[in-house]
Amino acid sequence: MSLEAVLVVAAALFAVGLYGAISQQVVVMVMMGLELMINAVILAAAGLWWFLAPSPDGHVLLLVVVAAMTVEMAAGFAVATLLHRSRGSDTTDTATDLDR
Amino acid sequence: MMGMAAWLEAVLFWGLGVVAVAAGVAVFRTDSMARATYALALSFVAVGAQVLMLSLDYVGVVTVLMMVMEMAVMAVYMVMFMGMNPALMPMSMVHSKKTALGVAAGTFVALAAGALLVPWPERRGAPAVDLTASLGEAVMGSKMLVMLVVSPVLFATIVSALVLANPRGRYHRLGDDLRRRPADDPQRGGVGR
Chain A
0 MSLEAVLVVA AALFAVGLYG AISQQVVVMV MMGLELMINA VILAAAGLWW
50 FLAPSPDGHV LLLVVVAAMT VEMAAGFAVA TLLHRSRGSD TTDTATDLDR
Chain B
0 MMGMAAWLEA VLFWGLGVVA VAAGVAVFRT DSMARATYAL ALSFVAVGAQ
50 VLMLSLDYVG VVTVLMMVME MAVMAVYMVM FMGMNPALMP MSMVHSKKTA
100 LGVAAGTFVA LAAGALLVPW PERRGAPAVD LTASLGEAVM GSKMLVMLVV
150 SPVLFATIVS ALVLANPRGR YHRLGDDLRR RPADDPQRGG VGR
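Chains as they are written, first to last, in numbering that gives the first Met the number 0: chain A, 0 to 99; chain B, 0 to 192.
Okay, chain A solo, but in the shape it has when bound (with noise of 0.2 Å):
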């Protein structure tokens, strides 16, 4: 286990969620790929933490990023339901009003 083995790794994990995020259709699939990207996020950092610089101040910049990922999901899920309440959709293509 290395830096780069963690790093590699976070990598694809980044690489699966972007292209998630970019090509599915229904709101909740793509929070689900951002859910990925986020979860590489949290592994790049900690491999960075251990391997470079093991001390508090990175640990809490995780915490941070995780408490990102649980707004992230609440924002998300609520806006799913009012999308879903005043479109009767659950795709991202009905919501495409600020597309010019």
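Honestly, I wouldn't trust all of these hints.
Chain B is faced by these chain A residues, among others (derived, beta-carbon under 10 Å) [unchecked claim]:
id	residue
1	G46
2	W49
3	D92
4	L97
No wet-lab data here; the hints were simulated from the structure. Heads up, the beta-carbon is just placed ideally off N, CA and C, and yes, glycines get one too.
On the provided structure of chain A, position chain B as indicated by the hints.
Frame of chain A; chain B shown alone:
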């Protein structure tokens, strides 16, 4: 010469990495939303185990617990909102697939090249003996401001998520000046209403 323990550790780490990435890919390949949710949960558990291997006991356990609960919520959402059953009617719910594949592959190559080519510095400092205790001391001491900022953000998230998701608030019931009596409710009921 690599020691036996280090070799086992490397095998375990790469095995977990393969599971995490393969489960992540499965999320977008399976036809069933339930299976996609379970695949994502598996991916999170594998990453959580890797984080545990990096001696981050607290963050690893919290990630696994949080994600398993989150996937349970997500499964409920699938049942609530998915109009059709993709397991019975397999269909591709994607757009701009080629662009997405290209961007994802390019991102992976760029990030992996960076990970392998950057001359990473030597480790600075040593980890504390009890990492979780040192984290607790940091959170309650020198890094308290971070948590003081995070907590109102989480509270604001609760409030805004409720405002977004709530179908009928008091202005729907009582009018813009909150003076309408009786309240406009979708169903009659209560004392004489």
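Here's how the hints hold up against the structure:
1. G46: 6 Å, holds
2. W49: 4 Å, holds
3. D92: Given a least distance of 7 Å, the restraint on D92(A) holds.
4. L97: The hint is violated - L97(A) has no Cβ within 10 Å of chain B, the shortest such distance being about 17 Å.
The structure is inconsistent with hint 4 alone, although it conforms to all the rest.
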